[in-house]
Every structure is written in C-alpha cells, then in structure tokens.
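K.L.:
What follows is the residue order along each chain.
There are 2 protein chains.
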Amino acid sequence: MLRIRKRVSKSRKRIGRNCICTLLLITISLLLLVWLPRLPVLLALFFPSLKLMNVKEDQGKLSAIARQGSGSACRSLYGGFVKWIMGKDEKGSDSIAVQLADEKHWDDLVIVIAVVSSRQKETSSTTGMRDTVETSMLIQHRAQEVVPKRITQMEEAIKNRDFPSFAHLACADSNQFHAVCLDTCPPIFYMNDTSHRIISYVEKWNRSEGTPQVAYTFDAGPNAVLIARNRKVAALLLQRLLFHFPPHSDTDLNSYVLGDKSILQDVGVQDMKDVEALPPPPEMKDNIPTQKYKGDVSYFICTRPGKGPVLLSDESQALLNPENGLPK
Amino acid sequence: MLRIRKRVSKSRKRIGRNCICTLLLITISLLLLVWLPRLPVLLALFFPSLKLMNVKEDQGKLSAIARQGSGSACRSLYGGFVKWIMGKDEKGSDSIAVQLADEKHWDDLVIVIAVVSSRQKETSSTTGMRDTVETSMLIQHRAQEVVPKRITQMEEAIKNRDFPSFAHLACADSNQFHAVCLDTCPPIFYMNDTSHRIISYVEKWNRSEGTPQVAYTFDAGPNAVLIARNRKVAALLLQRLLFHFPPHSDTDLNSYVLGDKSILQDVGVQDMKDVEALPPPPEMKDNIPTQKYKGDVSYFICTRPGKGPVLLSDESQALLNPENGLPK
Numbered sequence: 001m002l003r004i005r006k007r008v009s010k011s012r013k014r015i016g017r018n019c020i021c022t023l024l025l026i027t028i029s030l031l032l033l034v035w036l037p038r039l040p041v042l043l044a045l046f047f048p049s050l051k052l053m054n055v056k057e058d059q060g061k062l063s064a065i066a067r068q069g070s071g072s073a074c075r076s077l078y079g080g081f082v083k084w085i086m087g088k089d090e091k092g093s094d095s096i097a098v099q100l101a102d103e104k105h106w107d108d109l110v111i112v113i114a115v116v117s118s119r120q121k122e123t124s125s126t127t128g129m130r131d132t133v134e135t136s137m138l139i140q141h142r143a144q145e146v147v148p149k150r151i152t153q154m155e156e157a158i159k160n161r162d163f164p165s166f167a168h169l170a171c172a173d174s175n176q177f178h179a180v181c182l183d184t185c186p187p188i189f190y191m192n193d194t195s196h197r198i199i200s201y202v203e204k205w206n207r208s209e210g211t212p213q214v215a216y217t218f219d220a221g222p223n224a225v226l227i228a229r230n231r232k233v234a235a236l237l238l239q240r241l242l243f244h245f246p247p248h249s250d251t252d253l254n255s256y257v258l259g260d261k262s263i264l265q266d267v268g269v270q271d272m273k274d275v276e277a278l279p280p281p282p283e284m285k286d287n288i289p290t291q292k293y294k295g296d297v298s299y300f301i302c303t304r305p306g307k308g309p310v311l312l313s314d315e316s317q318a319l320l321n322p323e324n325g326l327p328k
Numbered sequence: 001m002l003r004i005r006k007r008v009s010k011s012r013k014r015i016g017r018n019c020i021c022t023l024l025l026i027t028i029s030l031l032l033l034v035w036l037p038r039l040p041v042l043l044a045l046f047f048p049s050l051k052l053m054n055v056k057e058d059q060g061k062l063s064a065i066a067r068q069g070s071g072s073a074c075r076s077l078y079g080g081f082v083k084w085i086m087g088k089d090e091k092g093s094d095s096i097a098v099q100l101a102d103e104k105h106w107d108d109l110v111i112v113i114a115v116v117s118s119r120q121k122e123t124s125s126t127t128g129m130r131d132t133v134e135t136s137m138l139i140q141h142r143a144q145e146v147v148p149k150r151i152t153q154m155e156e157a158i159k160n161r162d163f164p165s166f167a168h169l170a171c172a173d174s175n176q177f178h179a180v181c182l183d184t185c186p187p188i189f190y191m192n193d194t195s196h197r198i199i200s201y202v203e204k205w206n207r208s209e210g211t212p213q214v215a216y217t218f219d220a221g222p223n224a225v226l227i228a229r230n231r232k233v234a235a236l237l238l239q240r241l242l243f244h245f246p247p248h249s250d251t252d253l254n255s256y257v258l259g260d261k262s263i264l265q266d267v268g269v270q271d272m273k274d275v276e277a278l279p280p281p282p283e284m285k286d287n288i289p290t291q292k293y294k295g296d297v298s299y300f301i302c303t304r305p306g307k308g309p310v311l312l313s314d315e316s317q318a319l320l321n322p323e324n325g326l327p328k
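As given, the protein sequences belong to chains A and B, one line each in that order.
Mind the numbering: the first sequence is residues 1 to 328 in the UniProt record's numbering, read in order.
Mind the numbering: the second sequence is residues 1 to 328 in the UniProt record's numbering, read in order.
Bound-form chain A, shown alone (with noise of 0.2 Å):
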C-alpha cells in the first residue's frame, strides 16, 4: 500500500493537523504489512458502526472521515495497494485514500514481519512528525522534490508488478524516513541495532543475488516489514531470519512463527533442534564465525497483502465482544 500526502508548508508556519501527518505520508511502505497494534481495533469499530448506521457513502468519503481518526485507518479501507492522495483543505476533509489495484493484482507477494524486541521507549509517530516538520532542514526538500517522483515510480512498479523497481523505491524511501527522524532536533531514532542488522543482511542477500529478492520498510519503530518476491523467496528469507535470529531455547517455535505457518514447512524447519542446524546462508560466508543475535526478535509473523476489512456474519469469528465492544 502507497501511502502518498506532501503536504509539507512551503513557509513551514502551516504547522497544523494537516502538516504535522506530512512525515508519515511521504514514506512509502506496504500499508497491510505494517503492524500497527491500535488500527485493527479502529477499524473493528469503525467500519462495523457504518454499515449499522447503513451509510451509503462511497468508499473514498468513508476514507476521509477515518482519516480524522487515523492516518492509518484511512488508507486500510481498501486492501491491496493503496495510494493515499494529500488533499488541499487544512482540516484533512478532502485527504482520501485510492486503491490502485486489489490484493490479487500481484499475489506473489509474501510478506515476513520482524517484531523486534526492544529495550528503549519510543517516541511517538505523532509527536515525532511535528518535530520533524518543524526542526529538519531536509523534509521540505525531500517531500517537494523526492517524494513525488518516487510515488509516480511506485505506482508504475505496482502497475507492472515490477519487483526490482518496487523493492528500490520501498527501501530508499524507508531509510530516507529514517533519515529526516534523524535530521529532527532532538534526533529521533526509530530503529535499532536489530533493524539495522536486518537491513544489512536484506541488502547483501540481494547484492549477492544480482537482483532485489526482498525489500524492506520501516514504521515509527524498529520491526522490519519484509517483502519477498514469492513464496520460494519468503522461505529463502525465514530461514535466514531464523539462522541469524534465533529464539531462546525455552521457547515454543509456533509462538515465535505466527500467521501462515507452512511457510515453515517450506524451509525444512518443525522444531528448536531444526533451527539450531540450520546452515549459515551462502552469502555470508566471509563472515566466520557468522554471528548470531538470540532474543534481539520477539517473533515473525508471515502474511500477504490483503483485502479490506469485511463485516463478519459468523459472530464467532470476531475479535471484539458484540455486547461490550472489549476484546474477546
């Protein structure tokens, strides 16, 4: 999912609503992939209570109120890819969400979310993106001169399922996020150690491959959000991920592999001992004794772009208790 706003004031005294959401709107990033705790349950809220109240508006006017909820909610009303359009109005009112294409319009995807353990409080995107929009001296060029091209590129690499040119654009543009974090006063560092860990090895992988087999993105924090080419590529990356990230050997390997599990299968892998004998990939072979970093990740989720959320007619399945609205 592309998320797309560049509404960065050219005087930069427009520090309102709108500009302080600038920041997170010019990353590039597969929305679906991004795990953000708090939006399923806006959504679980949120998409449920229109359709009880039988709102007949189009989906890009719902995309406009959820986006005064959340930046992330108004483009997860669509599934697939998604490109979030700035709008020109100070309130946010015409700042809507696009799919460009469905979830079956490039299903090769596999997607493994990294939930990097960390240690250190975190800043939040919200306070984090008014620093940035008030104290860089590089987001204003960035979200006039960078961003926009790069979004133009995107959309042609979604639209033609163009992999080397997606993984190109999704990674320069998350670590040039991460850049103008850092270029904040105070400076603010999202990422990690491990982040950076998993960045170094994404890129030699790929290096040594000739071609991008994964590409990566980062929110407001230091999970990585990998984006394999396909299902052979995702095993290829699991494994890795596993050689060079562990768990602790107490742990129970189904709760530190979540999702869609037989991805597991795919790399040879049913228990602690069979990650424990998994070979160094063949790419790091210069790096003797490769090291490894046991506990820095708290778990893997593996997944694939989605569609939009659905009303549920099987009660069971929801999350939330329909009497109270708590989760179950």
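Just so you know, these hints were derived from the structure itself, not from any lab.
No experiment lies behind these values; they were computed from the predicted model shown.
Hints are not guaranteed to be accurate.
It does not matter which identical chain is used: a pair holds within one copy or between any two.
[Said to hold, decoys possible] List time: in silico SDA-like cross-link candidates among lysine to any residue, alpha-carbon distance up to 20 Å:
#1 K149 with T135
#2 K285 with Q317
#3 K292 with S117
#4 K204 with E134
#5 K149 with C185
#6 K261 with T211
#7 K292 with N192
#8 K294 with S118
#9 K204 with D131
#10 K204 with C185
#11 K149 with E103
#12 K204 with G128
#13 K104 with N230
#14 K204 with T135
#15 K294 with N192
#16 K88 with R231
#17 K232 with D260
Use these hints to put chain B onto chain A, whose structure you have.
P.N.:
Relative to chain A, chain B alone:
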C-alpha cells in the same frame, strides 16, 4: 575544529577524489576531539619529516600536502579551531586548512570521548563517502543549502564563545551527517544503540537545564565526542556517563577513564564502589528504574582542545622508535 568543504558536483559526474571527500568536509565537528587511530601516526611521520628536510613552506601549503595523505591530517597541522577550505582544484591542491583561533581562545571547553564497544563490522569512511555522494538524494541539498550557512554561524559562535549556538550547530550537523549516511544505498549506520542512548541522555539533560551544557558529535563510527561547556559541567557529564555505562565489575577504573583523570576527583569517584553508588541523574527521575548498560562503553577519554603537532626535543617522549619509525 571546523571542517569545511562543499565540493559537491552539480552533475554528480565528477565523482573523483575531491567529490568523494565531500561528505567528511561538510560535517562540522571538533577535530581534536575526534578519535582517529591512524591520524597520530601519520602526523608523527609527516611533521618531523618536514622539519628534517628543513621545509620552509608556510602552514597553508603544508596543509595542502598533508591533504594528499588524509583529510584529517590536513586539519591537524593546527591546534585549536580549524576551518577546512574546499578549494577548486580537482586534485585538491588548494584544499587547505586555516586556523580560526588557537586552543587558548576558548579554554573553558572540556572534552569527554566515549569509546563505544562495537560488535558490528564497520563501513570504511572512504567507501561510505563515495556511496553517499553517488546515491543520496539529500546530500546535494545539504551541501549547497545547509552547510554554507552553518559554517558561517559556527565561525561566529566560536569567535564569540557562544556555547548554546556552538552546541546546537555541532549536534544538528552531526545528526545530519548521519542522516545522509542513512539515505545512502545501501544505507550506512555508523552510530549504534549506545550512540543513540548517549545522544538521548545529553538531549534530555540539556533540555532540563534550559540551555545546552554539552554538545555531541559523531564521526564515521559509534564513538561519542562530548564537549562540555566547562570543567564543572564535564564532571557532571562524566558522573552521568559512569552511572548509565558502568564498566564490568572486574574493571580497573584506572583503565576505564583515560586522559585527564583528575576529573574523576571532581566527580567524587575513586573506585568501582563509588561508581556503583552513583545516584541517577535528577532529570531521569521519571524513568524508574533507570536502566544501566554495563559494558556498552569500552572506556572514556577526558581531554581538552589542544595545540597542533610540535617537534619533541626530548626523544624519550616520542611514541615512535627514531631508528625504524615503528611504534615503541
């Protein structure tokens, strides 16, 4: 010491020796403070050789010759505060350093260097600079729009011994240097979690005091160069650093704090028991319990801005063997 160069090719076609150097020059940092293991050896060989050959060139020309060996060497022919002028010649013949003020001009400043334990393979600064010039979309904007203004402001701050401006410029520019490293393809991470923590502690302390007490700058590595506004502040800084980053219990404190150890007395620390008894800094009171990172710093160096190289009259003080030029 102020490093100044801005030779970024507009067309990016001039990716030659001078362009490669650009990244280093456009950082602003205190040179004497930077921990460069190779530099003393280079100067120790270069400076006496010139004297031996009875070279009568002025310091500017010597600086241009030194530039051929290393960017750091050309600045290090002077003490105090030095500005590195880019020059126009492709081969760098007019790339020289000039002294803005000697070390006595601002003798309140005290420097504490935190040599950070690094488990990661480092990127060489030469390779990193080349990659950044070739791939960063932000480096040109930084070189053309941001650095020239900062250079002027930094000269003014040094002239007026204006510590708040000095600290703001040094910190912001160090962060922006690392931001463009992150905007490189593949991204370069010189700082690690320990570096980030040191920055966060300093920023928090400076904010709580209402005006900067300490400036920080990071070169092409994870080590923090911290500049305290005076000796009293340096003692408070070292106290905080020892609290957050105590050595392993079996460490001799004498090998953990190097250089001017007398600051330890100001801190009231004589042995490991005193380190363990240090109270949390008052600005950390909302972080209960305050986390400690034992072993994450290898050692500290306490020093001050110094003078340039001098020819030793007492041979016994030399670090190199006069007969074979090898370290004693």
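K.L.:
If you test the structure against every hint from before, which numbers come out violated?
P.N.:
2, 6, 11 and 16
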